[in-house]
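Note that the protein sequences, when read in sequence, are chains A and B. Note that our numbering has the first sequence beginning at 5, numbered continuously upward. Note that our numbering has the second sequence beginning at 5, numbered continuously upward.
Hint data in this document are derived by calculation from the structure and do not stem from the laboratory. Be careful, since some hints might not be right.
Identical copies carry no separate label here, and so any pair may be met within one copy or between two of them.
Mimicking DSSO-like on lysine-lysine, the simulated pairs with C-alpha atoms at most 30 Å apart in a straight line are [claimed, not checked]: (1) K7 x K207; (2) K7 x K204; (3) K99 x K45.
Computed from a predicted model, the values in this text were never measured in an experiment.
There are 2 protein chains.
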Amino acid sequence: MLKTVTFQEIAEMDDLFRRTFVNSLTGFKSVCLIGTHNLQKQTNLAVFSQVFHIGANPPLIGILVRPDKSPRHTLQNIEATQEFTINHIREEFYKQAHQTSARYPRENSEFDTCELTPFYSSLLNAPYVREANIKMGLTLAQRVDIAINGTILLIGQVVEVMFPEECLWHDGYLDIEQAGSLTSSSLDGYHTTQRLARLKYAKTDLPPQEIIRSI
Amino acid sequence: MLKTVTFQEIAEMDDLFRRTFVNSLTGFKSVCLIGTHNLQKQTNLAVFSQVFHIGANPPLIGILVRPDKSPRHTLQNIEATQEFTINHIREEFYKQAHQTSARYPRENSEFDTCELTPFYSSLLNAPYVREANIKMGLTLAQRVDIAINGTILLIGQVVEVMFPEECLWHDGYLDIEQAGSLTSSSLDGYHTTQRLARLKYAKTDLPPQEIIRSI
Numbered sequence: 005m006l007k008t009v010t011f012q013e014i015a016e017m018d019d020l021f022r023r024t025f026v027n028s029l030t031g032f033k034s035v036c037l038i039g040t041h042n043l044q045k046q047t048n049l050a051v052f053s054q055v056f057h058i059g060a061n062p063p064l065i066g067i068l069v070r071p072d073k074s075p076r077h078t079l080q081n082i083e084a085t086q087e088f089t090i091n092h093i094r095e096e097f098y099k100q101a102h103q104t105s106a107r108y109p110r111e112n113s114e115f116d117t118c119e120l121t122p123f124y125s126s127l128l129n130a131p132y133v134r135e136a137n138i139k140m141g142l143t144l145a146q147r148v149d150i151a152i153n154g155t156i157l158l159i160g161q162v163v164e165v166m167f168p169e170e171c172l173w174h175d176g177y178l179d180i181e182q183a184g185s186l187t188s189s190s191l192d193g194y195h196t197t198q199r200l201a202r203l204k205y206a207k208t209d210l211p212p213q214e215i216i217r218s219i
Numbered sequence: 005m006l007k008t009v010t011f012q013e014i015a016e017m018d019d020l021f022r023r024t025f026v027n028s029l030t031g032f033k034s035v036c037l038i039g040t041h042n043l044q045k046q047t048n049l050a051v052f053s054q055v056f057h058i059g060a061n062p063p064l065i066g067i068l069v070r071p072d073k074s075p076r077h078t079l080q081n082i083e084a085t086q087e088f089t090i091n092h093i094r095e096e097f098y099k100q101a102h103q104t105s106a107r108y109p110r111e112n113s114e115f116d117t118c119e120l121t122p123f124y125s126s127l128l129n130a131p132y133v134r135e136a137n138i139k140m141g142l143t144l145a146q147r148v149d150i151a152i153n154g155t156i157l158l159i160g161q162v163v164e165v166m167f168p169e170e171c172l173w174h175d176g177y178l179d180i181e182q183a184g185s186l187t188s189s190s191l192d193g194y195h196t197t198q199r200l201a202r203l204k205y206a207k208t209d210l211p212p213q214e215i216i217r218s219i
């Protein structure tokens, strides 16, 4: 039975109900841990589902932050140090990843409270999550203030990417499913995936065709 | 074997390889058909994986557009008519959905060339996709130009949402997996999902707990 809900009915929903409902509408999302540190080298880890591709050349990734919400330590740290890491979440530690959203006091690193392991590379100081199979380091490239509701889009330039070598296809496709990356729904749903196919660049005179891995 | 790729190595990649690689990095994405029309009432349909939650109150959804890329008809139409629809893609028609990315001439509607069925509501003139289980209509609320690479974030306000009634949980969670919505990877990967769990709002003094559907 198809149900229709209008703008007016959304406006009249209970706050938490609306937040859960509207967050469902955009479909499946990325779900990552953002690793940061402050100028005193205290580390912070926050689960984010608002991670977006902005551009490939140069490689740019955006995260959307609410200044008044819990991951504000993330915003403060990125603005102070100009860097952060993005770490894909796997089934093996998704409950620990979710637990980073609890409001721990600033002096407690979520690495400790949620039992995840920091990992450092030589190219930046922000902490990676050792348990993540796919992880990348970024430097802050641009802050975009979204006037309509006060959210902030932080755009980072990719400095380095770490991934299991066997997950890289012949054409640049990084097989995030093979690497165990999860997807999320609304505010709190975690899902594994099963690929149907990759489809070739569409042509007007050809039916859809599948891309097969050649190496 | 963990492989590291640096900014410099990404810069030296072949264009298409880099595009496929960098588009993999942000993890799983939404995948939707954006329905628009022009002032002559010609309809257009384009597959998009850049669909983002911007805010819940008011309900705002953003789509990221490249002015120089194929879905430019979508940009032109939204700017002309100030409205668009977002339609979740299901396994039953994902190949047709992908096919909308072929460069059909403007006079050919992708509804015809890709064999999808337009559907209209009384609240706006933009076309919906009848085959989609979850669909929503939006009016343009704000255009944000991303200076760093010339992309454009179009933010729409949700006017109405249509979905299968049985997919709405007691707390506002719309079960997009039950509705058959797919997720995507990189530029061309389509995946079904399998939910591990929904996890309750995290508390510092409690371990992660699962949310069970009560109605």
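**Request:** Give me the numbers of the hints this structure contradicts, sorted from smallest to largest.
**Result:** 1
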